[in-house]
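> Chains A and B are the protein sequences, given in the same order.
Numbering (our numbering) for the first sequence: 35 to 430.
Numbering (our numbering) for the second sequence: 998 to 1537.
Quick caveat, the hints were computed from the structure, so don't treat them as lab data.
Hints should not be assumed to be uniformly reliable.
Unchecked claim - Simulated coverage check for chain B against chain A, where a stretch passes if three residues somewhere in it have a Cβ under 8 Å from a Cβ of chain A:
1. 1223-1231
2. 1241-1247
3. 1391-1404
4. 1477-1491
Said to hold, decoys possible - Some chain B residues judged to face chain A by a derived CB distance under 8 Å, without partners named:
5. THR1062
6. GLN1408
7. ILE1411
On a predicted model such as this, the values are computed, not experimentally measured, just so you know.
For glycine and all other residues, C-beta sits at the position ideal for the given N, C-alpha and C.
Here's the letter readout for the chains.
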Amino acid sequence: MSDSTDTAGRNVTQSRRRFLALGGTTAATALAGCSGILSGGDGGDGGTGAGAGQISLSDFRGSGPLVAQRDAPGGTSIEDLPDLSGELTLYLGGGEGGLYLDLINLFEQLYPDFTANHRLEASSDLANTIIEENEAGASPADVFMSIDAGSLGAVANAGATASLPEEALSTVPEAYQDSEGRWVGIAGRARAIPYNTNQISESDIPSTVREFPEAAALEDSMGWAPSYGAFQSFVTAMRLIRGDDETRAWLQAMQDHGITTYDDEFRVSNACADGELTAGFANHYYTLRVQSARESAPIGLAFTEGDAGALVNVSGLEIIDGTDSADLASNFVRHVLSAEAQEFFATRTFAYPMIPGVAPVGDLPRIDDLNPPDINLTELADVAGTVDLLRDAGVL
Amino acid sequence: MGTKDRYERLREQATTSERDSSPNTLLAVVSLAISLLLLSPLVWVFIRAGEIEFARALELLTSDTTVSVTLNTLALVTGVTVASIVIGVPLAILTVQTDLPFRRFWTITSALPLVVPSYIGAFAFVSAFGPRGVLADLLSPLGVEQIPTIYGLHGAILVLTLFTYPYVFLTTRASLLSFDGTVVEAARTLNHTRWEAFRRVTLPQIAPGIAAGALLVALYALSDFGTPAIMQYDVFTRMIYNEFGARRLDYASVLSMLLLVMALGILAVESRLSAGRDGAYVSSGSRRPGRIRLGYWKGPALLFCGAIASLCLVLPVGILLQWLLRSGTGYSGGGFSFEAAYAWNSVGLAAAAAAICVVAALPIAYLSARGSSGLSSLPERATYVGYAVPGVVLGLALVYLGLRYVPFLYQSVILLVFAYVVRFLPQAVGTTESSILQVDPQYIEAARSLGYHPLSAFRKVVLPLVAPGIAAGAALVFLTTMKELPATLMLRPTGFETFVTYIWLVQGAGYYGQAAVPALVLVGLSGLSMLVILRREDTS
């Protein structure tokens, strides 16, 4: 499995490079830059930032059992981008979003003239704050970096965003950016089913979420985290696809089937590894985190298909309206979508990279092999209706 | 001081009403101004609620969910308050009035749980007593398959009680310390049994102290979000938080209004209970009663103190140490290095909040303790409303109002400290007021008949006597400010991190190991200020 993934990764990497060569602008520099970074910066002297020689790809890349033997990432290298310079105020979605600080620190090391002030809170709280600030006339934020498309959509729908650079939007598949270009995905988060491999095998897990309430093997042994943003986005997606009545019926059926409530999906995933649960509903990377921390833990990961259960939500970026650092903000967005930064998301946060040149870790299916539902992620902003429904169904 | 002056004063003293009115009017104006300023953020609740259609508001207020969540909240508040009295009052009596061995040690361990943030306490209890927790792991080799769940009402009551009962302990203890023990001995000589003496003499004297502590506990339980959320028990704060998450601020504000009504209800109950506090003054209580000999009860008493200390202190610290030792989070690397500046930020904010609270509390407490009319305790009552407002409601209110009316203060330390003062002033008012109540009013009259201006009489006579109470209030505000999370998150300047914002961040990302050290340091630092409270109290 991992071999075939690697092969696929290489293929995509190569075609990506071909695309760059056809693009023609600085094809030779791009390749040289890429190899320069790979060899620790010895060969890359393209006159980029003063600190460039001290930061190499290995600084962006994680380590550990899931990150062994990866190919070089494809895509636009940082060395081909203009230097970051100046001061930027970032509102950063909390939780796992905190890990993005590592990336920002790397940028600050790379560019001594670049400083990023950051404000870390839950993504939905920051979205509320930005909307309030925007209504009052001015937000101190230049860029909002959120861990879910719903929060990005809410800010965009409130008219609080400025336009993103075309160079950044063009590298990301259309499914993972706003149709009006108001926000762009930077890392993918797939809905998945963590399960205890001692209690159940992958074939016992239904291939659509619709079938879960009838799965005898999972009776009274599943867990979910309904107050968690990622779960609410999943329910929002189900409402968009199947309507409120069917969604309510599904929630009801799951409760009748017997399901335990947790605070967050990391706990759900850990409970699966502990044998407290047979299976659960959680984002994919929590299972990888558990596997990485506890190598012998009996936890596996399954994906469903074609329905809300296969939703791929994104972490993303948007530039806030009224910023007086629009150029720097645009350049920053391009940096976050560079080959190195995408390798960071793939190997350190176990997220799905958003540019085709970078492969996901381990034996995760490629993002193209997932079968996500056909919905507009901006519509995930309707959290209010979902909270009503969850409450109505007695889940919250 | 001329003869004319002195004559004026004598004339003033001739009629009681005239004598009291002039300083009281000034006090009343100052106190009222302070309490209005502190309540001003609540305007936001009404502004937002005004944006909602009446029919929808009514529908929301009378929905089944609202009703059941209201009942849940009342059950939680009642349970935590009663349990805190059941734990706090006996501990206070044991450490003040009996020959309990190591009384000093138990005094400290009984007060210290207040320094543990309740959300950290809740995490510790889930880690220890949750399914697959430490206890379950210990018991499973013995064949115990399942332990009773920690989640739900009883878990929430347990955790909130263990980390808030010190309010009752401290206020009851203060009443006991200032209480004239010879009265009890007199009662005993009149052939009252020990229990009768306690019920008829001691209890009425310390009841206002108990009520003051219970009020703080009840309002804390009403406003806490973290513990019920972690214990998976649905209460008002959680519903409000979900509404905020869903970006429906108008509905959230309607719910916030309902929560304020509940706070007012608690205040009304408390003021009825402590109505008899005019009689609370007892001549300065330096005369301690003879220690009650515990005899056969020494063992059970020690067991009780030890059990509470183990649950409140040993357990959370043990879990934090376990976080520290258990490595591996599933991520390589980690950019969250703790910086010393975060500690200084926390300490600086807490010190500023404590200083401002002490100054603002003084006129309010004095008016309430010495005022001539029932209205004089209105400002004092009003300050408690702020204490009941959940941090997240206050945070959003100040974001909204700050941006519109004082944009230069938005995301400034000033607005943040203001939020702390709104939330925590009542703690300073409470301790200051109870120590003012214990100063014999005749001292002031004596000083004034010697020709002192009322203000200087206050400064020279009252202030030194109430200083320990003020210090205790300052320390309480300091402690609670160090622990405060939601308002700190929302109002702090960008890039300005504190202990709790750092702990929240690394904990949220699953870096429990990195949360452990700052959490232990936070507990330790707050613990030091708790020692200050107790030390001052002893030398007074």
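> Now, for every hint given, state plainly whether the structure supports it.
Verification of the supplied hints:
1. Coverage of a stretch by a chain is defined here by at least three residues with a beta carbon nearer than 8 Å to that chain's beta carbons; for the segment 1223-1231 of chain B and chain A the count is 4, and the condition holds.
2. A count of 6 residues in the segment 1241-1247 of chain B with a Cβ less than 8 Å from any Cβ of chain A is obtained; the coverage claim is therefore met, three being the minimum.
3. By the rule of at least three residues with a Cβ nearer than 8 Å to a Cβ of chain A, the coverage given for the segment 1391-1404 of chain B holds, with 6 such residues.
4. With 3 residues having a Cβ less than 8 Å from any Cβ of chain A, the segment 1477-1491 of chain B passes the three-residue criterion, so the hint holds.
5. Hint status for B/THR1062: holds, given a least beta-carbon distance of 6 Å to chain A, under 8 Å.
6. Given the 8 Å rule on beta carbons, the hint for B/GLN1408 holds: about 7 Å separates it from the nearest Cβ of chain A.
7. At its closest, the beta carbon of B/ILE1411 sits 16 Å from a beta carbon of chain A; the interface hint therefore is violated under the 8 Å criterion.
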